[in-house]
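The primary structure of each chain is shown beneath.
There are 2 protein chains.
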Amino acid sequence: MTKRSVIKFGGTSVGDFSKIKNIAKYLANRANKGEELVVVVSAMGKTTDELLKNVDLLSKEPDQHDLALLLTTGEQQTISYLAIALKELDVKAKAMTGFQAGIKTKGHYMKSKILEVDNEAFEKAFCSNKVVVVAGFQGMNADGELTTLGRGGSDTTAVAIASSLETSCEIYTDVAGVYGTDPRLYPAKRIDVVSFEEMMEMSALGAGVLETRSVEIAKNYHVPIYLGQTLSDERGTWVMPQKDILEKKAVTGVALDKDMHYVTFSYPENDATLLKQLFNLLEKEEINIDMISQIVNEDGLQLSFTMKDTDTVELKHIFDTLHKEFTELNYVVKSDYVKVSVIGSGMRDMSGVASKVFMTLLENDIEFYQVTTSEISISYVVDRTNGVLAVEKLCEAFGL
Amino acid sequence: MTKRSVIKFGGTSVGDFSKIKNIAKYLANRANKGEELVVVVSAMGKTTDELLKNVDLLSKEPDQHDLALLLTTGEQQTISYLAIALKELDVKAKAMTGFQAGIKTKGHYMKSKILEVDNEAFEKAFCSNKVVVVAGFQGMNADGELTTLGRGGSDTTAVAIASSLETSCEIYTDVAGVYGTDPRLYPAKRIDVVSFEEMMEMSALGAGVLETRSVEIAKNYHVPIYLGQTLSDERGTWVMPQKDILEKKAVTGVALDKDMHYVTFSYPENDATLLKQLFNLLEKEEINIDMISQIVNEDGLQLSFTMKDTDTVELKHIFDTLHKEFTELNYVVKSDYVKVSVIGSGMRDMSGVASKVFMTLLENDIEFYQVTTSEISISYVVDRTNGVLAVEKLCEAFGL
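As you go down the protein sequences, you meet chains A and B in turn.
Heads up: the first sequence at position 7 corresponds to 7 in the working numbering, and the numbers run straight through without jumps.
If you want the working numbering, it's the position in the second sequence, counting the first as 1, plus 400.
Bear in mind the hints are in silico, worked out from the structure with no lab data behind them.
One thing to keep in mind: the hints can contain errors.
Once the Cα atoms are required to be at most 16 Å apart in a straight line, the calculated EDC-like pairs of lysine to aspartate or glutamate come out as [unchecked claim]:
#: 1; chain 1: B; residue 1: K524; chain 2: A; residue 2: E145
#: 2; chain 1: A; residue 1: K21; chain 2: B; residue 2: D456
#: 3; chain 1: A; residue 1: K124; chain 2: B; residue 2: D543
Note that the structure is predicted; figures quoted are calculated from it, not measured.
If we strip away everything but chain A, and leave its shape as in the complex, we get (with noise of 0.2 Å):
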């Protein structure tokens, strides 16, 4: 049977015109030999930043409809480029954005999810040897409209699509593999095999590699992903099923989210509508909070939790539709902290994790104002200023 392969190329690595030459050359080498290629590709570079700075010449609040039918351009004139520079090789190839590769997709415009992906046109595409061009991050709604999954998403769409064919999915940035902990942070080794709930677990706090998203359609259609470098021949990262690894270790890596917010909502009496309110709303906005902790003394309610920078917008929505009704309503967001977190599937059945996590904490003087545990993970909210020396000496501690 014909190999099939879903290769997805994130934004640096198809930065400039002779990047993308180069990629179609690698592409045209794998499809000479007779794989059967699909080729997700992101925005160039900083298009999408650049874009968004135009939006900010027009609206503080734009709409998010708009936001996604702008953005959505980004990564459709790449396939563009990369199916053209295809040709120029003799390469037969097939641009397709988002909704033309049958991509669905539900929820909220700039975060939508991916329903289903119909591969008819990708199996129409392999039986005229045509190598698929997809434009990542993106699809369509019930109601036709453009959507995008939000940043990162372009992982997601590989994922899926590599899902639908039943193959793999390679996916390569200009980092070579998942590390012990981001490389600019502390010199931890590479690691050659990684699991998906591990791999979530990282990229929800902030290790940043993969989308949460992307790892868990992985898991759920037990999708291998393969993480490697862009054109290098250096060895790259497997995530893969927990069961499929054979070594198994007590900590597989140390994460910082420096992108996050320490939120406080107070007010004056215990009110379980409020919460509720609160509750249906983050839900409704689809807010993902964190490390949730409530606090009921004779000042009233105080509430935390932990979101991404990136809803600040949503969050001020909220607020402002509650204070509506509750007016002694209170809320601070605090940027000057971050979350550093300890990650491994071995933590299931090898014990003294937590105590160590903490002793190295104490040694070297950092304090911390919240911690929460998964199965597989610990986390801890520490001062900004502390979040590069906790990950280092957590490293140190864990040997990664």
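On the provided structure of chain A, position chain B as indicated by the hints.
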């Protein structure tokens, strides 16, 4: 009944973000007075040219499908920005790409024709009091591919929508209306009203105000067009059916077509098969040719015609195809000629126009190489160096 208007702004009119804001203000004012508006916009300023310049870095003969896919991003960005700007002024707006606006096309990717406009989406938007913002110049063909209508195609989009909504169409550019000739060539007067037929000749013959195709649709579907200056109170020009125009003039305008090539095919014998194949291929490639002349003598066959200088790549294809069979075929493309045309519906009834044109050229020592006449126009091929002089002298002669 609510007034419905279709308004089109060209690329210069939306050339930067402050211009987009001003157009939004103008539209807000009209929408607030209760008008139902469809606004058609082009890509911002030089966007299309910049995209094409990027393609040059990748391929000299890019695939037309990929080019169309790339270029449609230009207008898609403008509609997003304009919708954002309108909402900033609290005007409800709905941005639609060509295919979302129900614009179905057929034919070559880069010069597709509009097959039909399904105005369901407009009616739906009007029901919720939304200003509709449509990406001009683009649509979708029966295969679900994104297509473009060729340069200037945004006018065609606007006219086709006006026809489907049974209303008139306002087209705004940086010039107020139509002049007896290009104002950069000669200070001719502005024309208050011009017939579809005259306008079509003027467009086809290089006056460059409105695309021929858009006037053709307007004529066939009785859509009056108002040509005005963007955000100006200056009076523009109405283009309407000849029968509705009371005062007839012998000559309405003089046009100069600089963007043409003069092509000569030569073959040592008079071969009917060759000619048949050539005309078939020209039709297949949708190259419009004009001013055809054919000479057969002892040197064989010589066929000359004029065509748009944008079609040279396709012409080369045609020559290459024919050359396989007719190895002694030669062709020469000359670009040092231009076409000067005198246009007026009144020519039908009033004699003497042809001789006056002839005398004017003669008196001013302007040589000409070919002449063709239609019911309402006379065209001369002259040396490029004499083009402007011919326009000046003809404008003077006919008091434009």
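> Against the structure shown, which of the earlier numbered hints fail to hold, in ascending order?
Replying inline: none
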